[in-house]
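There are 2 protein chains.
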Amino acid sequence: MITRVTTRDLRFPIGSGHGSDAIHRNPVYSYAVVQLHSSDGKTGSGLAFTLGAGNELVCRAAEWMAQSLVNRDIGEIMARFGEVQRGLADEQQLRWLGPHKGVVHLALASLTNACWDLWTKTLGQPLWDHLLSMDDEALLDTMDFSYIEDALSRAEAGEVLSTSRRSRQERIPVLADGYPGYDTSIGWFNYSDEQVAENVRRSAAEGFDAMKLKVGSSDIERDVRRARLVRDAAGPDARVMADANQQWSVREAIQFAERTSDLDLFWIEEPTHPDDVLGHREIARCIGNTRVAAGEHVPNRVVFKNYFNAEAMAYCQVDALRVAGISEFLVVSLMARKYGIPLVPHVGDMGQIHQHLVLFNHIAMDHPLLFLEYIPHLRDRFTHPATLRNGRYVTPSAPGIGGDLV
Amino acid sequence: MITRVTTRDLRFPIGSGHGSDAIHRNPVYSYAVVQLHSSDGKTGSGLAFTLGAGNELVCRAAEWMAQSLVNRDIGEIMARFGEVQRGLADEQQLRWLGPHKGVVHLALASLTNACWDLWTKTLGQPLWDHLLSMDDEALLDTMDFSYIEDALSRAEAGEVLSTSRRSRQERIPVLADGYPGYDTSIGWFNYSDEQVAENVRRSAAEGFDAMKLKVGSSDIERDVRRARLVRDAAGPDARVMADANQQWSVREAIQFAERTSDLDLFWIEEPTHPDDVLGHREIARCIGNTRVAAGEHVPNRVVFKNYFNAEAMAYCQVDALRVAGISEFLVVSLMARKYGIPLVPHVGDMGQIHQHLVLFNHIAMDHPLLFLEYIPHLRDRFTHPATLRNGRYVTPSAPGIGGDLV
Chain A
2 MITRVTTRDL
12 RFPIGSGHGS
22 DAIHRNPVYS
32 YAVVQLHSSD
42 GKTGSGLAFT
52 LGAGNELVCR
62 AAEWMAQSLV
72 NRDIGEIMAR
82 FGEVQRGLAD
92 EQQLRWLGPH
102 KGVVHLALAS
112 LTNACWDLWT
122 KTLGQPLWDH
132 LLSMDDEALL
142 DTMDFSYIED
152 ALSRAEAGEV
162 LSTSRRSRQE
172 RIPVLADGYP
182 GYDTSIGWFN
192 YSDEQVAENV
202 RRSAAEGFDA
212 MKLKVGSSDI
222 ERDVRRARLV
232 RDAAGPDARV
242 MADANQQWSV
252 REAIQFAERT
262 SDLDLFWIEE
272 PTHPDDVLGH
282 REIARCIGNT
292 RVAAGEHVPN
302 RVVFKNYFNA
312 EAMAYCQVDA
322 LRVAGISEFL
332 VVSLMARKYG
342 IPLVPHVGDM
352 GQIHQHLVLF
362 NHIAMDHPLL
372 FLEYIPHLRD
382 RFTHPATLRN
392 GRYVTPSAPG
402 IGGDLV
Chain B
2 MITRVTTRDL
12 RFPIGSGHGS
22 DAIHRNPVYS
32 YAVVQLHSSD
42 GKTGSGLAFT
52 LGAGNELVCR
62 AAEWMAQSLV
72 NRDIGEIMAR
82 FGEVQRGLAD
92 EQQLRWLGPH
102 KGVVHLALAS
112 LTNACWDLWT
122 KTLGQPLWDH
132 LLSMDDEALL
142 DTMDFSYIED
152 ALSRAEAGEV
162 LSTSRRSRQE
172 RIPVLADGYP
182 GYDTSIGWFN
192 YSDEQVAENV
202 RRSAAEGFDA
212 MKLKVGSSDI
222 ERDVRRARLV
232 RDAAGPDARV
242 MADANQQWSV
252 REAIQFAERT
262 SDLDLFWIEE
272 PTHPDDVLGH
282 REIARCIGNT
292 RVAAGEHVPN
302 RVVFKNYFNA
312 EAMAYCQVDA
322 LRVAGISEFL
332 VVSLMARKYG
342 IPLVPHVGDM
352 GQIHQHLVLF
362 NHIAMDHPLL
372 FLEYIPHLRD
382 RFTHPATLRN
392 GRYVTPSAPG
402 IGGDLV
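First to last, the sequence lines map onto chains A and B. Mapping of the first sequence onto this note's numbering: residues 2 to 407, in sequence order. Mapping of the second sequence onto this note's numbering: residues 2 to 407, in sequence order.
The following block holds chain A by itself, in its conformation from the complex (with noise of 0.2 Å):
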């Protein structure tokens, strides 16, 4: 039973140059978390990314919701989640200040992560393990699909999962594996181009084959220089990723990709605003080979829809501390599965809850093994960080879904 619900503001400046990128030149790691305490003892929490000020907004409003789950089992709600996340996504008193967006919608994400966690926590099983113990029929209770029935019903969304159970043993190696990281750290926005350059040399040591370097600058010849000096420092087989933050238009997106064509980018991400969903249509209609990837500040299922049938993203970077938490996340993932898109979160948490979710992704809904995001700088905040080992994720074994901080 929850007996009370509880918050926490916690803002971690992160200082030099670390975490920059074309927005956030002073970054400021902030979570609003929110904690459901239960009669045994246990306390679920859950966490929304908000990178800034303004955190304790999220924590408000994720009080005011939270209200509604006291008093009440946590395996009572989870059988249902998708119904109740679904009631407190349109509670008629907060829904016009989103609707399923901004500062609601990650309060919401905060909330029904803190959930998952109480209820794993007291099955005492790690998220990655739950999720793959559930039948199909449960999983999906847990799940809304209001509003994107036109591309993805729940009756597909267990189609989904029964034709890839019959080849999960397939893919349990990755459990021994682990899954594998990229590294965002080489190349923030504010370090020179030595520190990229000998980062670059630091992260394939470690054994990092994929990296990320942030670009947007107002000056397009400062990306491309820092892009070719990545590629350069990198070698030929490394995958290089570059970051524009949704810091240019769609015309200077394209421009971009034109003069970095020769450097084999791997993806570029968030190059325009990412409510611009023709937008992005029309810089992956202009690019080529140089794909895009987008979805970190793409709030809810709904906006996703509309990516996938307008063809506008190859790579889908749900955040799970975005959208409605870990629910709406994987009803994100069934649907990209449906329309083959690859699943590549953005890591709003460090990697602590995806980990759990992209080895599920790849496991039980067959999503391509690819590689998730590793961000190490608040890795000491963390009482179970994530752990990679020769550039892998070493699966995690703790109880709950990662989430708690010291």
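Since the hints were derived computationally from the structure, they do not count as laboratory data. Hints are not guaranteed to be accurate.
When chains are identical, the list treats them as one kind, so a pair holds in a single copy or across two.
Stated by the list, open to error - Below are the SDA-like pairs computed for lysine to any residue, each with C-alpha atoms no more than 25 Å apart in a straight line:
1) Lys43 x Gly16
2) Lys339 x Pro400
3) Lys43 x Ala177
4) Lys339 x Ala311
5) Lys339 x Ser250
6) Lys339 x Asp136
7) Lys339 x Arg252
8) Lys43 x Thr7
9) Lys339 x Glu253
10) Lys339 x Ala139
11) Lys339 x Ser168
12) Lys43 x Lys339
13) Lys339 x Ile78
14) Lys339 x Leu70
15) Lys339 x Ala234
16) Lys339 x Asp263
17) Lys43 x Ser398
18) Lys339 x Arg12
Model the placement of chain B on the given structure of chain A, informed by the hints.
Here is chain B on its own, set in the frame of chain A:
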């Protein structure tokens, strides 16, 4: 000089079924009010509408944003407000909470509107009058065209204004005639059938020839019955609209349109989720002469650009209390004009502020003279309430934007 910023968190439970829709069965009309106090004793008041709880979140975000305007002169701020607004919208510490949507964007709406109010009060002009007196370049300087250059460049926006300027005189009579209103208060969701029929007769007697019914029930028979009832009571010449408040899937919306195809509905409003641009396009393609209206929950110019490019809405209901205030409203108006889409704003302000804007849109952009929503329930809460005579808004004469509440 702006010396300080205050906020007011105003909430008005409506009661008696007034204001109810398919989502808001117990509506609380709420305003997050930003007030900018100047050294010469004037107060600029801006509004954002929230329809419920969480109003305080918008106030907090607006206070945070407004700090950068203190100790500055309103004339200096407005001389380059497009830049100022872009800076506030992309402020690195709050941007993750949007961007450009939800609580932070509502806060920017309220703050922007407060700036326009202080400016026009300082100049001693009602908003419509000041807008008409501005030269085109000064007006364009109050707007932010970033992310929509591919649909409407600043130069193209200037062309819309300069071309329309040549025929302005022909449209000046609307100031004396009054802008036509349409009556949303005939058909709130909770009203009984009898109440609706009686309201239609009352409305017609007051001079309205256009009115709107709330639909979006889980029982399509109820919706169809009530639509028929309104058409029967209003007669064949009245314009009758139906508003589903986002409650349908794409398929359900098409079904309603088919079932009411003989009723000559003027539009079907918010048939499905406001983020579902391509869903609206699908509905628009299927429902023939009953046109799709949407926009009250469309958060910014980028999403409107997508709607326009996709030919997904026939009437644009942008709300200056949802997008980033009067400035972004005007950007969307200019873009809509270029695409040939009529503008019929949603009035989160009861028509107080929007009456100025539709006058300006018609006279200075040659937008067609249609009608503006009218909702009477908070009439007595405003210092200078919008007044209708024979179904037409009486052109306001008080300085400012009209948003002062008692």
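Going through the hints against the structure:
1. Neither within a single protomer nor between protomers do Lys43 and Gly16 lie at most 25 Å apart by alpha-carbon distance, with minima of 34 Å and 42 Å respectively.
2. In the homo-oligomer, the alpha carbons of Lys339 and Pro400 never lie at most 25 Å apart, since the shortest distance is 30 Å inside one protomer and 57 Å across protomers.
3. Neither within a single protomer nor between protomers do Lys43 and Ala177 lie at most 25 Å apart by alpha-carbon distance, with minima of 29 Å and 69 Å respectively.
4. Taking identical chains as interchangeable, the C-alpha atoms of Lys339 and Ala311 lie at most 25 Å apart whether they share a chain (14 Å) or sit on different chains (24 Å).
5. Taking the shortest Cα distances, Lys339 and Ser250 sit within 25 Å of each other only across copies (20 Å), while inside one copy they are farther apart (30 Å).
6. In this homomeric assembly, Lys339 and Asp136 come within 25 Å of each other (Cα to Cα) only inside a single copy, at 19 Å, whereas the closest approach across copies is 53 Å.
7. Taking the shortest Cα distances, Lys339 and Arg252 sit within 25 Å of each other only across copies (20 Å), while inside one copy they are farther apart (31 Å).
8. For the homomeric pair Lys43 and Thr7, the shortest alpha-carbon distance inside one copy (13 Å) is at most 25 Å, but the shortest distance between copies (42 Å) is not.
9. Taking CA atoms no more than 25 Å apart as the test, Lys339 paired with Glu253 passes between copies only; the shortest distance there is 23 Å, against 32 Å inside one copy.
10. Proximity of Lys339 to Ala139 under the C-alpha cut-off of 25 Å is restricted to the intra-copy arrangement: shortest distance 20 Å within a copy versus 50 Å between copies.
11. Proximity of Lys339 and Ser168 under a CA criterion of 25 Å is satisfied intra-copy only: 17 Å inside one chain copy versus 54 Å between copies.
12. For the identical chains of this complex, Lys43 and Lys339 are neighbours neither inside a copy (37 Å) nor across copies (59 Å), given an alpha-carbon limit of 25 Å.
13. For a Cα distance limit of 25 Å, the shortest separation of Lys339 from Ile78 qualifies neither inside one copy, at 28 Å, nor across copies, at 50 Å.
14. In this homomeric assembly, Lys339 and Leu70 never come within 25 Å of each other (Cα to Cα): the closest approach is 33 Å inside a single copy and 49 Å across copies.
15. In this assembly of identical chains, Lys339 and Ala234 lie within 25 Å of each other by CA distance neither inside one copy nor across copies; the values are 37 Å within and 48 Å between.
16. For a Cα distance limit of 25 Å, the shortest separation of Lys339 from Asp263 qualifies neither inside one copy, at 32 Å, nor across copies, at 38 Å.
17. Within a single copy, Lys43 and Ser398 get their C-alpha atoms as close as 18 Å, which meets the 25 Å cut-off; across copies the closest is 63 Å, which misses it.
18. Proximity of Lys339 to Arg12 under the C-alpha cut-off of 25 Å is found in neither arrangement, the shortest distances being 38 Å within a copy and 45 Å between copies.
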